[in-house]
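So you can see what is in the structure, the chains are spelled out below.
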Amino acid sequence: AQTIHQWPVAEIKAVGSPLSLGCTIKGKSSPNLYWYWQATGGTLQQLFYSITVGQVESVVQLNLSASRPKDDQFILSTEKLLLSHSGFYLCAWSLSGGQDTQYFGPGTRLLVL
Amino acid sequence: GDSVTQTEGLVTLTEGLPVMLNCTYQTIYSNPFLFWYVQHLNESPRLLLKSFTDNKRTEHQGFHATLHKSSSSFHLQKSSAQLSDSALYYCALSEDNYAQGLTFGLGTRVSVFP
Numbered sequence: 487a488q489t490i491h492q493w494p495v496a497e498i499k500a501v502g503s504p505l506s507l508g509c510t511i512k513g514k515s516s517p518n519l520y521w522y523w524q525a526t527g528g529t530l531q532q533l534f535y536s537i538t539v540g541q542v543e544s545v546v547q548l549n550l551s552a553s554r555p556k557d558d559q560f561i562l563s564t565e566k567l568l569l570s571h572s573g574f575y576l577c578a579w580s581l582s583g584g585q586d587t588q589y590f591g592p593g594t595r596l597l598v599l
Numbered sequence: 019g020d021s022v023t024q025t026e027g028l029v030t031l032t033e034g035l036p037v038m039l040n041c042t043y044q045t046i047y048s049n050p051f052l053f054w055y056v057q058h059l060n061e062s063p064r065l066l067l068k069s070f071t072d073n074k075r076t077e078h079q080g081f082h083a084t085l086h087k088s089s090s091s092f093h094l095q096k097s098s099a100q101l102s103d104s105a106l107y108y109c110a111l112s113e114d115n116y117a118q119g120l121t122f123g124l125g126t127r128v129s130v131f132p
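First to last, the sequence lines map onto chains A and B.
Its first residue numbered 487, the first sequence is counted upward by one per residue in our numbering.
Its first residue numbered 19, the second sequence is counted upward by one per residue in our numbering.
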């Protein structure tokens, strides 16, 4: 069975500080990977997607970047956090393209002060 | 680009009554895939049901929806709401054979009361 793990579970960070969020998928090789952001009470906004190691496509940047250093790992980061970065960050995976179900991880809650 | 429009805001209803959440979409592609995701409090979204076949009813866990390409709609219905149906519901769209992820609507919060 496939499992998806995100770390950390939650973070409180200062404006201007760096951030790194991680996501690992076990039990599935070469999945499509996605990062979503959800503002409190808001909709899900896709940030990045990746279909293979080393390749990441940006959908909406929001002064964030993403990398896929390994087949099963997806990293979201920034060098300088903004207040607007607060929210819920979700990693998701799917088998391949548009018709496949996306499976979401447990998420990371981020509060920027 | 693609867009999804849902019933806005909060829907409150009494247990046992029917529920219908509207979803319409815009896309230039002829083979869209439509999804309903449900997110309970402090949980991650999970798939409720999906469809890509025109005019075919899709059912899961008492909910059903039919994709109507003629009206670009994918409304979610349930004949009898339960307390456990209280959650945030998202309609989402993706394109056939396209790796880019989902375009979500703003979400509809459903609160079911006894």
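Calculated directly from the structure, the hints in this document are not laboratory data.
Since the model is a prediction, treat every value here as computed from it, not as a measurement.
Check before you lean on any hint, since a few could be wrong.
[Claimed, not checked] DSBU-like, lysine-lysine: derived pairs with alpha carbons at most 35 Å apart: (1) B:K96 x B:K74; (2) B:K87 x B:K74; (3) A:K499 x A:K566; (4) B:K87 x A:K499; (5) A:K556 x B:K74; (6) B:K74 x A:K566; (7) A:K512 x A:K566; (8) B:K87 x A:K556; (9) B:K96 x A:K556; (10) B:K96 x A:K499; (11) A:K556 x A:K512.
Each hint tested on the structure:
With a C-alpha separation of about 16 Å, the suggested pair K96 of chain B and K74 of chain B falls inside the 35 Å cut-off, and the hint holds. For a cut-off of 35 Å, the pair hint linking K87 of chain B to K74 of chain B stands: about 11 Å separates their Cα positions. Straight-line distance between C-alpha atoms of K499 of chain A and K566 of chain A comes to about 10 Å, which keeps the hinted pair within the 35 Å bound. Simply put, K87 of chain B and K499 of chain A have alpha-carbon atoms about 45 Å apart, too far for the 35 Å limit, and the pair is violated.
Restraint check for K556 of chain A and K74 of chain B: not satisfied, since their Cα atoms lie roughly 40 Å apart, outside the 35 Å limit. Under the criterion of a C-alpha separation no larger than 35 Å, the hint pairing K74 of chain B with K566 of chain A is inconsistent with the structure, at around 48 Å. Only pairs whose Cα atoms come within 35 Å are accepted, and K512 of chain A paired with K566 of chain A is accepted, the gap being roughly 30 Å. This hinted pair does not check out: K87 of chain B and K556 of chain A have alpha carbons roughly 39 Å apart, beyond 35 Å.
Taking the CA atoms of K96 of chain B and K556 of chain A, the gap is about 42 Å. The hint is violated against a cut of 35 Å. Using a Cα cut-off of 35 Å, the hinted pair K96 of chain B and K499 of chain A is violated, with the two alpha carbons roughly 42 Å apart. Between K556 of chain A and K512 of chain A the alpha-carbon distance is near 12 Å, which keeps this suggested pair within the 35 Å criterion.
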